[in-house]
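K.L.:
In case you want the letters, here they are:
There are 2 protein chains.
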Amino acid sequence: MTTPVIDTLNTRVTIRTYQDKPVSEEMVQAILGAARRSPTSSNMQTYSIVVVRDPETKKQLAVLAGNQKHVEECPVFFAFCADLHRLEMACALHGEPLVKSLETTLVATVDAALVGMSAQTAVESLGLGAVMIGGMRNHPAEVAALLGLPLGVYVVFGMCVGWPDPINLPAQKPRLPEELVIHYERYDDSDPTPLVQQYDAALAEHYNAQGNNQHAAAWSGPIARRLNGKIRPFLRPTLEKLGFAFD
Amino acid sequence: MTTPVIDTLNTRVTIRTYQDKPVSEEMVQAILGAARRSPTSSNMQTYSIVVVRDPETKKQLAVLAGNQKHVEECPVFFAFCADLHRLEMACALHGEPLVKSLETTLVATVDAALVGMSAQTAVESLGLGAVMIGGMRNHPAEVAALLGLPLGVYVVFGMCVGWPDPINLPAQKPRLPEELVIHYERYDDSDPTPLVQQYDAALAEHYNAQGNNQHAAAWSGPIARRLNGKIRPFLRPTLEKLGFAFD
Numbered sequence: 001m002t003t004p005v006i007d008t009l010n011t012r013v014t015i016r017t018y019q020d021k022p023v024s025e026e027m028v029q030a031i032l033g034a035a036r037r038s039p040t041s042s043n044m045q046t047y048s049i050v051v052v053r054d055p056e057t058k059k060q061l062a063v064l065a066g067n068q069k070h071v072e073e074c075p076v077f078f079a080f081c082a083d084l085h086r087l088e089m090a091c092a093l094h095g096e097p098l099v100k101s102l103e104t105t106l107v108a109t110v111d112a113a114l115v116g117m118s119a120q121t122a123v124e125s126l127g128l129g130a131v132m133i134g135g136m137r138n139h140p141a142e143v144a145a146l147l148g149l150p151l152g153v154y155v156v157f158g159m160c161v162g163w164p165d166p167i168n169l170p171a172q173k174p175r176l177p178e179e180l181v182i183h184y185e186r187y188d189d190s191d192p193t194p195l196v197q198q199y200d201a202a203l204a205e206h207y208n209a210q211g212n213n214q215h216a217a218a219w220s221g222p223i224a225r226r227l228n229g230k231i232r233p234f235l236r237p238t239l240e241k242l243g244f245a246f247d
Numbered sequence: 248m249t250t251p252v253i254d255t256l257n258t259r260v261t262i263r264t265y266q267d268k269p270v271s272e273e274m275v276q277a278i279l280g281a282a283r284r285s286p287t288s289s290n291m292q293t294y295s296i297v298v299v300r301d302p303e304t305k306k307q308l309a310v311l312a313g314n315q316k317h318v319e320e321c322p323v324f325f326a327f328c329a330d331l332h333r334l335e336m337a338c339a340l341h342g343e344p345l346v347k348s349l350e351t352t353l354v355a356t357v358d359a360a361l362v363g364m365s366a367q368t369a370v371e372s373l374g375l376g377a378v379m380i381g382g383m384r385n386h387p388a389e390v391a392a393l394l395g396l397p398l399g400v401y402v403v404f405g406m407c408v409g410w411p412d413p414i415n416l417p418a419q420k421p422r423l424p425e426e427l428v429i430h431y432e433r434y435d436d437s438d439p440t441p442l443v444q445q446y447d448a449a450l451a452e453h454y455n456a457q458g459n460n461q462h463a464a465a466w467s468g469p470i471a472r473r474l475n476g477k478i479r480p481f482l483r484p485t486l487e488k489l490g491f492a493f494d
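The listed protein sequences derive, respectively, from chains A and B.
Numbering-wise (this note's numbering), the first sequence opens with residue 1 and increments by one.
Numbering-wise (this note's numbering), the second sequence opens with residue 248 and increments by one.
Certain hints may be false.
[What the hints assert, rightly or not] Simulated crosslink set (DSSO-like; lysine-lysine; CA at most 30 Å straight-line):
no.	chain 1	residue 1	chain 2	residue 2
1	A	Lys230	A	Lys59
2	B	Lys316	B	Lys306
3	A	Lys69	A	Lys173
4	B	Lys316	B	Lys477
5	A	Lys230	B	Lys488
6	A	Lys241	A	Lys230
7	B	Lys477	A	Lys241
8	B	Lys420	B	Lys316
9	B	Lys488	A	Lys241
Hints are computed from structural coordinates only; laboratory data are not their basis.
Just chain A, same shape as in the assembly (with noise of 0.2 Å):
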C-alpha cells in the first residue's frame, strides 16, 4: 500500500552536496505555497520562513552553524522561525497585550517545524535534495541580528536545499527498530536493551559500509558521549532576550 507522498517520505535520504546549479524560484514558490498549507495551532501561524540565497549571508550563517559548509554551498537557504511578534501586533490592533508563556513558546516551535517539514516533502518531491540544520540554534542571537528578526522571532531551525551531486548519493541510513518507537494502545516500557544494542550493530555496519567508521555501539555510544554534559547551556537566557518565555 503505497501512494506518491508515502514513495517521497520512505526513500528520502538528506543531502549534503549540490550541484552548481540554481533552484528555479518556481521551485521555490511551489514549496513555499504547499509549507504554507501546514496545519497550524489554532489557526495562529505562529511561524515565519525566511530564504536565503545571498552568499554572503550564507557564509555566515554556516560559519554560525558550526562551520557546516553545506549551508554556504546550497543555492538556497531556508529559516524557519518561530514567530510571536507578528501576534504581538494582532493582540496590539484590539488593545490587548500578547501573554507569553511556555505554551505560546512550544505552540510557536512547533508551527515552524510542521512548516519546515511540509516544506522538505516537497523539496524532495521535485528531486531537490535537503538537510535540516538545528545547528541555529548554536548562536540563535548572531542568527537573528544578521536575518534582521524582530523581538519574538527565532530560528528552530534551517534546511539547505539544492539538487543533489549524484557522485556522493548518500545510502539511507537505518531507523531505529518500529518496536522501540510505535506502541499500540499504551507504551510498552520493557527493557530497550536487545533492540538498541541491535540497532547500534546494523548502524555501525551501514557506516562501515561507507567506510565511515564510528562507535561500535554506532547509536548509542555518540549520544552518550554527547549529552552526558549540557547542550547548548546558553539557549533559555539566549531565548529569554529574544522575547520567548519558559513559565
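We have chain A; now place chain B onto it with these hints.
P.N.:
What follows is chain B alone, placed relative to chain A:
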C-alpha cells in the same frame, strides 16, 4: 509547477467528521513506516508514537482534550510523543547520565512534530482525513498516565484519523497573506496592520460562507481575546514532573 506531494499539501483540509468505517491495519502501517523516515536531530529519534484504537481510551482522551468528540469518534488516534526516556536508557548502557536541558526538550518536541507532520501528509495522500490535537497539552499528566508513558515522555500533540464524511467536507480556510510569513534575505518588519486587516476580512468572509458568524476581525480578534491571559499556566511544572527540563 507541482508534484503529487505538493498537490496533497495544497489541497488539504482539516477533517473532524468521519465515516463509520475502519482504517485498515495496512494503511496504519504505511503511515507509520513513512513517518519513521522523517529527519531527526543527529539521528537521535527522540520521539515515540502511541497508536490508539481502543474506544474507552479514545473516550477518555476526548474528555482530556477538552471534550473534542472527534477524538472519541475517529477510528484511530495517534499520540506523537517527545521521548527522552529511550535516550536515557541508551546513555545508561554506557554508564553515562543523560543531562536534560531546554535543548533536549526542544529537540524531542521538534522530532515529534516532524514525525507528526509526515504522518499527516501520508494520511491525506491515502484519501483519509485528519486533525491534529494540541489539546493533549490540556492535561499532560493525565494523558501520560492513561497511555502509560514513562518519565521523560510527553504527548506534544495527537492526530485523529478516519475516512472523511463526504457530507461535511469543510472548505479550505484562507491562510495569512504570504507577504506576512515569507521573507527574503532578511525579515521584513514593516507594519503588518493593513495585511492583517485584509486577512481578518477574508477569514470573516470564509466563516460567514460557512454560516459561522465570528468576530468581524476574524483572525486577530479571537487571538487578542484568547492570549491576553496566560495559556496553559500549569504546563511548565507539569512537564517538569514528567521529566523535562527548561534550563
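K.L.:
Now tell me, hint by hint, if it's right for this structure.
P.N.:
Each hint, compared with the structure:
As the CA atoms of Lys230(A) and Lys59(A) are separated by approximately 28 Å, the hinted pair is consistent with the 30 Å bound. Taken as a hint, the Lys316(B) and Lys306(B) pair is honoured in the structure, with Cα atoms around 8 Å apart against an allowance of 30 Å. For the suggested pair Lys69(A) and Lys173(A), the alpha carbons sit about 21 Å apart, so the restraint of at most 30 Å is met. Restraint check: the Cα-Cα separation between Lys316(B) and Lys477(B) comes to about 26 Å, which is no more than 30 Å; the hinted pair holds.
With a C-alpha separation of about 19 Å, the suggested pair Lys230(A) and Lys488(B) falls inside the 30 Å cut-off, and the hint holds. A hinted pair counts as satisfied when its Cα atoms are at most 30 Å apart, and Lys241(A) with Lys230(A) qualifies at roughly 20 Å. Under the criterion of a C-alpha separation no larger than 30 Å, the hint pairing Lys477(B) with Lys241(A) is consistent with the structure, at around 19 Å. With a C-alpha separation of about 21 Å, the suggested pair Lys420(B) and Lys316(B) falls inside the 30 Å cut-off, and the hint holds.
Note on Lys488(B) and Lys241(A): the hinted pairing holds, with a Cα-Cα distance of about 26 Å set against a maximum of 30 Å.
Checked against the numbered hints given earlier, the structure satisfies every one of them.
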